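Undergrad: Sequences are here, hints too, so could you generate the full structure?
Line order of the protein sequences matches chains U and H. Using full-length UniProt numbering, you'd call the opening residue of the first sequence number 1 and step up by one each time. Using full-length UniProt numbering, you'd call the opening residue of the second sequence number 1 and step up by one each time.
No lab work stands behind these hints, which were simulated from the structure alone. Just so it is clear, the structure is predicted and the values come from calculations on it, not from any experiment. Some hints could be false.
Unchecked claim - Quick list of simulated restraints, FRET-style, between CB atoms:
no.: 1; chain 1: U; residue 1: Ser206; chain 2: H; residue 2: Gly157; range: 42 to 50 Å
no.: 2; chain 1: H; residue 1: Gly175; chain 2: U; residue 2: Ile386; range: 49 to 57 Å
no.: 3; chain 1: H; residue 1: Ala66; chain 2: U; residue 2: Asn69; range: 22 to 30 Å
As the list claims (entries may be wrong) - A few chain U residues that face chain H, going by a derived Cβ cut-off under 8 Å, partial list only:
no.: 4; residue: Asp20
no.: 5; residue: His81
no.: 6; residue: Thr85
no.: 7; residue: Glu150
no.: 8; residue: Gly198
no.: 9; residue: Asn293
no.: 10; residue: Ser314
no.: 11; residue: Gly389
no.: 12; residue: Gln393
no.: 13; residue: Ala397
no.: 14; residue: Leu410
no.: 15; residue: Glu432
Said to hold, decoys possible - When the alpha-carbon atoms are kept at most 25 Å apart in a straight line, the in silico DSS-like pairs for lysine-lysine are as follows:
no.: 16; chain 1: U; residue 1: Lys244; chain 2: H; residue 2: Lys169
no.: 17; chain 1: H; residue 1: Lys57; chain 2: U; residue 2: Lys50
no.: 18; chain 1: U; residue 1: Lys320; chain 2: H; residue 2: Lys52
no.: 19; chain 1: U; residue 1: Lys3; chain 2: H; residue 2: Lys37
no.: 20; chain 1: H; residue 1: Lys33; chain 2: U; residue 2: Lys50
no.: 21; chain 1: H; residue 1: Lys76; chain 2: U; residue 2: Lys190
no.: 22; chain 1: H; residue 1: Lys52; chain 2: U; residue 2: Lys87
no.: 23; chain 1: U; residue 1: Lys190; chain 2: U; residue 2: Lys164
no.: 24; chain 1: U; residue 1: Lys164; chain 2: H; residue 2: Lys76
no.: 25; chain 1: U; residue 1: Lys164; chain 2: H; residue 2: Lys97
no.: 26; chain 1: U; residue 1: Lys16; chain 2: U; residue 2: Lys162
no.: 27; chain 1: U; residue 1: Lys164; chain 2: U; residue 2: Lys16
no.: 28; chain 1: U; residue 1: Lys162; chain 2: H; residue 2: Lys169
no.: 29; chain 1: H; residue 1: Lys57; chain 2: U; residue 2: Lys320
no.: 30; chain 1: U; residue 1: Lys421; chain 2: H; residue 2: Lys37
no.: 31; chain 1: U; residue 1: Lys362; chain 2: U; residue 2: Lys320
no.: 32; chain 1: U; residue 1: Lys320; chain 2: U; residue 2: Lys366
no.: 33; chain 1: U; residue 1: Lys263; chain 2: H; residue 2: Lys198
Virtual Cβ for every residue (Gly too), placed ideally from N, Cα, C.
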Amino acid sequence: MGKTLFDKIWDSHVVKTIDDGPNVLYIDRHFIHEVTSPQAFGGIKARGGKVARPSQVIATPDHNIPTVNQHLTIQDELSRHQVETLKKNCEENGITMYGLNHPYNGIVHVVGPELGITQPGMTIVCGDSHTSTHGAFGSIAFGIGTSEVEMALATQCIMQPKPKSMRINIEGELGKGVTSKDIILYIISKLSTGGGTGYFVEFAGSAIRSLSMEARMTVCNMSIEMGARGGMIAPDETTFEYIKGREQAPKGEAWDKAVAYWKSLVTDADAKFDKELTFDGADIEPMITYGTNPGMGAKVCEYIPTLDSIEDSSQGSFQKSMEYMGFKAGDKLEGKQVDYVFVGSCTNGRIEDLRAFCEAVKGKQKAESVTAWIVPGSKQVEKQAIEEGLKEQLEAAGFELRQPGCSACLAMNDDKIPAGKYAVATSNRNFEGRQGPGSRTMLASPLTAAAAAVTGVVTDPRTIFNL
Amino acid sequence: MPIDKFVTVQTSFVPMPIENVDTDQIIPARFLKATTKDGFGDNLFYDWRYEKDGSPKAGFVLNNPAYSGTVLVAGKNFGSGSSREHAAWAIAGYGFKAVVSSFFADIFRGNSLNNGVLPVQVSETFLAGLFKAVDADNKAEVKIDLENQTITNVSTGESEGFEINSYKKNCLMNGYDDIDYLLSLGEEIEAYEAQAVKF
Ligand code: SF4
Chain U
1 MGKTLFDKIW DSHVVKTIDD GPNVLYIDRH FIHEVTSPQA FGGIKARGGK
51 VARPSQVIAT PDHNIPTVNQ HLTIQDELSR HQVETLKKNC EENGITMYGL
101 NHPYNGIVHV VGPELGITQP GMTIVCGDSH TSTHGAFGSI AFGIGTSEVE
151 MALATQCIMQ PKPKSMRINI EGELGKGVTS KDIILYIISK LSTGGGTGYF
201 VEFAGSAIRS LSMEARMTVC NMSIEMGARG GMIAPDETTF EYIKGREQAP
251 KGEAWDKAVA YWKSLVTDAD AKFDKELTFD GADIEPMITY GTNPGMGAKV
301 CEYIPTLDSI EDSSQGSFQK SMEYMGFKAG DKLEGKQVDY VFVGSCTNGR
351 IEDLRAFCEA VKGKQKAESV TAWIVPGSKQ VEKQAIEEGL KEQLEAAGFE
401 LRQPGCSACL AMNDDKIPAG KYAVATSNRN FEGRQGPGSR TMLASPLTAA
451 AAAVTGVVTD PRTIFNL
Chain H
1 MPIDKFVTVQ TSFVPMPIEN VDTDQIIPAR FLKATTKDGF GDNLFYDWRY
51 EKDGSPKAGF VLNNPAYSGT VLVAGKNFGS GSSREHAAWA IAGYGFKAVV
101 SSFFADIFRG NSLNNGVLPV QVSETFLAGL FKAVDADNKA EVKIDLENQT
151 ITNVSTGESE GFEINSYKKN CLMNGYDDID YLLSLGEEIE AYEAQAVKF
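TA: So, in structure tokens, the structure goes:
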């Protein structure tokens with residue numbers, strides 16, 4: 001029987017199999033950031049050990065950093081201490097770090113791909129669940145806890161049970177105004193936040209193949225939100241084209257060798273998945289979430305589900321969520337008040353996202369009542385946005401381009417949505433308090449965010465933009 | 001570092017019949033700025049547990065002296081969301097030895113095992129039985145026997161088996177951790193590297 005893309009990469013990275021236990025899996029690239037690594041370095045030190053393969057570890061602080069006045073460094077004492085601890089740990093262990101104000105600094109899942117560090121066929125981990133982003137290149141990439149960060153630092157291996165396999169096909173053409181964010185919000189709304197638990201997902205089908213690398217990253221990024229261990233897309237010409245010429249991409253002869261190998265990374269025609277689902281691309285429309293987990297999503301032009309459409313055992317949790325959001329079952333989504341708009345994060349903070357937002361708001365003005373934070377995913381994205389004139393365009397429409405970082409995605413810095421306020425966010429989680437205590441988040445695409453930003457209410461982007 | 005050995009527990013338990021309890025609720029992001037593993041137990045479920053001014057919220061189960069015990073029993077899909085191991089540190093730090101639910105998110109399951117907290121996955125019916133027992137008597141007990149992989153609702157005597165792979169079971173029962181094991185594989189890891197694809 002043939003092998004899946006996942007099997008090919010996984011099997012070639014198993015150092016040892018433990019009977020009725022996990023596999024010892026070799027890790028090609030290990031990204032670290034300031035929040036989930038200090039205790040791991042502490043553990044290594046306490047054992048008197050050292051980092052095994054520092055050249056395969058890449059560090060960038062991102063979660064805690066401010067998105068204004070970065071040249072003044074970090075004002076919050078605890079945040080600064082965490083970032084300085086990362087710097088110290090990297091220096092002591094010979095790990096490359098793209099620190100604050102470095103031209104390559106940025107959100108770890110934006111930085112890896114844009115520097116060509118992320119490549120097909122690799123195993124990639126990071127102490128961050130959205131490591132699944134890198135799967136867009138046809139790699140096995142997933143988030144790990146700090147104990148595993150310590151394992152990967154100390155031995156370049158981790159212990160993992162092999163997950164089950166799932167393929168999700170999106171076939172056909174996407175409608176106007178439908179983005180990759182809508183694809184993934186749609187899938188999660190169908191599967192729920194636990195529907196992918198225990199599985200590693202391959203995304204396939206003509207609608208997926210037609211996506212750019214940035215758009216593919218958005219899909220894989222949120223695979224964790226349906227509980228999946230990770231998501232991946234087989235590499236193809238789009239992938240090779242994106243990687244070619246990037247700083248750490250193979251060059252010359254090595255490039256040809258690499259591409260030849262990468263081309264073998266596809267699921268064999270006779271391979272079997274434990275589960276396979278197919279959706280029609282034409283069925284997907286602009287999406288937005290109305291509740292407190294990413295599975296609670298609906299088409300922007302539709303309504304919040306009524307209580308009797310929810311399973312009995314889930315009604316309590318559903319109602320708790322509605323209370324938190326200040327919504328009622330059966331409410332219309334369009335026209336809901338929006339106070340904040342956040343464009344950014346490792347889900348939608350890439351250049352293509354900023355371009356889409358700018359293009360949409362061109363010739364329009366930000367609604368007075370809306371506070372908007374447009375946050376590039378990295379220094380390189382910021383630079384490119386300035387070079388392409390996006391910053392000026394944004395300013396002309398009443399927006400401001402901030403400096404890169406995770407920002408309001410998890411609100412560890414000052415970018416917090418105030419209690420009770422509504423935010424349309426292009427990030428990935430709408431949990432209670434995720435964007436600040438009491439914050440109310442509605443997840444959507446950059447286009448739907450643009451529509452909310454210029455109208456001040458939830459708006460279907462197809463009704464106001466020329467798409 | 002060795003983890004605590006898991007021994008059979010029989011204890012009253014803390015019920016949390018809420019589904020999809022995510023790691024942002026278990027430990028909100030603003031408490032992730034520490035560089036050690038200590039003190040997270042104090043901030044466990046912070047936004048559900050405390051008012052803005054830091055006083056305990058009366059309705060929350062951890063603030064209700066009627067409920068106690070070293071086992072947390074929660075609704076399905078516990079621990080979804082962020083990979084933060086701080087969630088497991090908070091649960092362990094508070095003093096819980098096991099979490100019982102009808103479904104766990106993958107990363108949380110791994111993180112809690114790595115910190116000596118046993119995730120016990122039970123059927124929906126068994127879970128409902130535990131909630132019912134504690135409704136009737138808030139000192140109702142649960143018994144978790146790792147060696148025999150069984151969990152018992154002491155009020156009803158009803159038992160159910162639970163899954164854990166034998167490697168992890170052995171680690172928990174003996175207090176071993178994965179890092180010691182991986183460090184012992186130096187030669188195998190080098191041999192792997194010698195044959196791996198390179199370009
Ligand atoms: S942008 Fe958000 S999801 Fe992405 S790495 Fe940062 S905090 Fe995590």
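Undergrad: Please go over all the hints and tell whether each is borne out by the structure.
TA: Here is how each hint holds up against the structure:
Ser206 of chain U and Gly157 of chain H have their C-beta atoms about 56 Å apart, which leaves the hinted 42 to 50 Å range violated. At roughly 55 Å, the beta carbons of Gly175 of chain H and Ile386 of chain U sit within the given window of 49 to 57 Å. Evaluation of the 22 to 30 Å hint for Ala66 of chain H and Asn69 of chain U yields a failure: the beta carbon distance comes to about 50 Å. Given hint, Asp20 of chain U at the interface with chain H, holds; its Cβ is 4 Å from that chain's nearest Cβ, closer than 8 Å.
Against a cut-off of 8 Å between C-beta atoms, the interface hint on His81 of chain U holds, since the closest Cβ of chain H lies about 7 Å away. Interface hint at Thr85 of chain U: satisfied, since its Cβ lies 5 Å from the closest Cβ of chain H, which is below the 8 Å cut-off. Contact between Glu150 of chain U and chain H, as hinted, is supported at the beta carbon level, the nearest pair being about 6 Å apart and thus within 8 Å. The interface hint given for Gly198 of chain U holds, since its Cβ lies 6 Å from the closest Cβ of chain H, which is under the 8 Å cut-off.
Checking Asn293 of chain U against chain H: minimum C-beta separation of about 5 Å stays under 8 Å; hint holds. Among the interface hints, the one on Ser314 of chain U holds; its C-beta lies about 6 Å from the nearest C-beta in chain H, closer than the 8 Å criterion. Against a cut-off of 8 Å between C-beta atoms, the interface hint on Gly389 of chain U is violated, since the closest Cβ of chain H lies about 34 Å away. Hint on Gln393 of chain U is violated. Least Cβ distance to chain H is approximately 32 Å, over the 8 Å limit.
A distance limit of 8 Å between C-beta atoms decides the matter here; for Ala397 of chain U the minimum to chain H is near 31 Å, and the interface restraint is violated. Because the beta carbon of Leu410 of chain U sits about 4 Å from the nearest beta carbon in chain H, less than 8 Å, this interface hint is met. A least Cβ separation of about 6 Å between Glu432 of chain U and chain H falls short of the 8 Å threshold, and the interface hint therefore holds. Distance restraint check for Lys244 of chain U and Lys169 of chain H: the Cα-Cα separation of roughly 46 Å exceeds the 25 Å cut-off, and the hinted pair is therefore not satisfied.
At most 25 Å may separate the alpha-carbon atoms for a hinted pair to count; Lys57 of chain H and Lys50 of chain U exceed this at roughly 45 Å. Pair hint Lys320 of chain U plus Lys52 of chain H holds up; C-alpha atoms about 19 Å apart against a cutoff of 25 Å. For the given pair, Lys3 of chain U sits about 41 Å from Lys37 of chain H by alpha-carbon distance, which is inconsistent with the 25 Å threshold. A C-alpha spacing of about 24 Å is found between Lys33 of chain H and Lys50 of chain U, which places the hinted pair at or below 25 Å, so the restraint holds.
Between Lys76 of chain H and Lys190 of chain U, the direct Cα distance comes to roughly 18 Å. Compliance with the 25 Å bound is thereby established for this hinted pair. As the CA atoms of Lys52 of chain H and Lys87 of chain U are separated by approximately 34 Å, the hinted pair breaks the 25 Å bound. Distance hint between Lys190 of chain U and Lys164 of chain U is fulfilled; the C-alpha atoms sit about 19 Å from each other, no more than 25 Å. With a CA separation close to 20 Å, the supplied pair Lys164 of chain U and Lys76 of chain H stays within the 25 Å bound.
For the hint pairing Lys164 of chain U with Lys97 of chain H, the CA-to-CA distance comes to about 28 Å; that exceeds 25 Å, so the pair is violated. Pair hint Lys16 of chain U plus Lys162 of chain U holds up; C-alpha atoms about 12 Å apart against a cutoff of 25 Å. With a C-alpha separation of about 19 Å, the suggested pairing of Lys164 of chain U with Lys16 of chain U holds against the 25 Å cut-off. For the hint linking Lys162 of chain U to Lys169 of chain H, the alpha-carbon distance of about 17 Å falls within 25 Å, and the restraint holds.
Taking the CA atoms of Lys57 of chain H and Lys320 of chain U, the gap is about 16 Å. The hint holds against a cut of 25 Å. With a C-alpha separation of about 33 Å, the suggested pairing of Lys421 of chain U with Lys37 of chain H is violated against the 25 Å cut-off. As the CA atoms of Lys362 of chain U and Lys320 of chain U are separated by approximately 39 Å, the hinted pair breaks the 25 Å bound. Proximity of Lys320 of chain U to Lys366 of chain U is assessed by CA-CA distance (about 32 Å); at most 25 Å being required, the pair is judged violated.
For the suggested pair Lys263 of chain U and Lys198 of chain H, the alpha carbons sit about 15 Å apart, so the restraint of at most 25 Å is met.
Going down the numbered hints, you'll see the structure goes against 1, 3, 11, 12, 13, 16, 17, 19, 22, 25, 30, 31 and 32, while the others check out.
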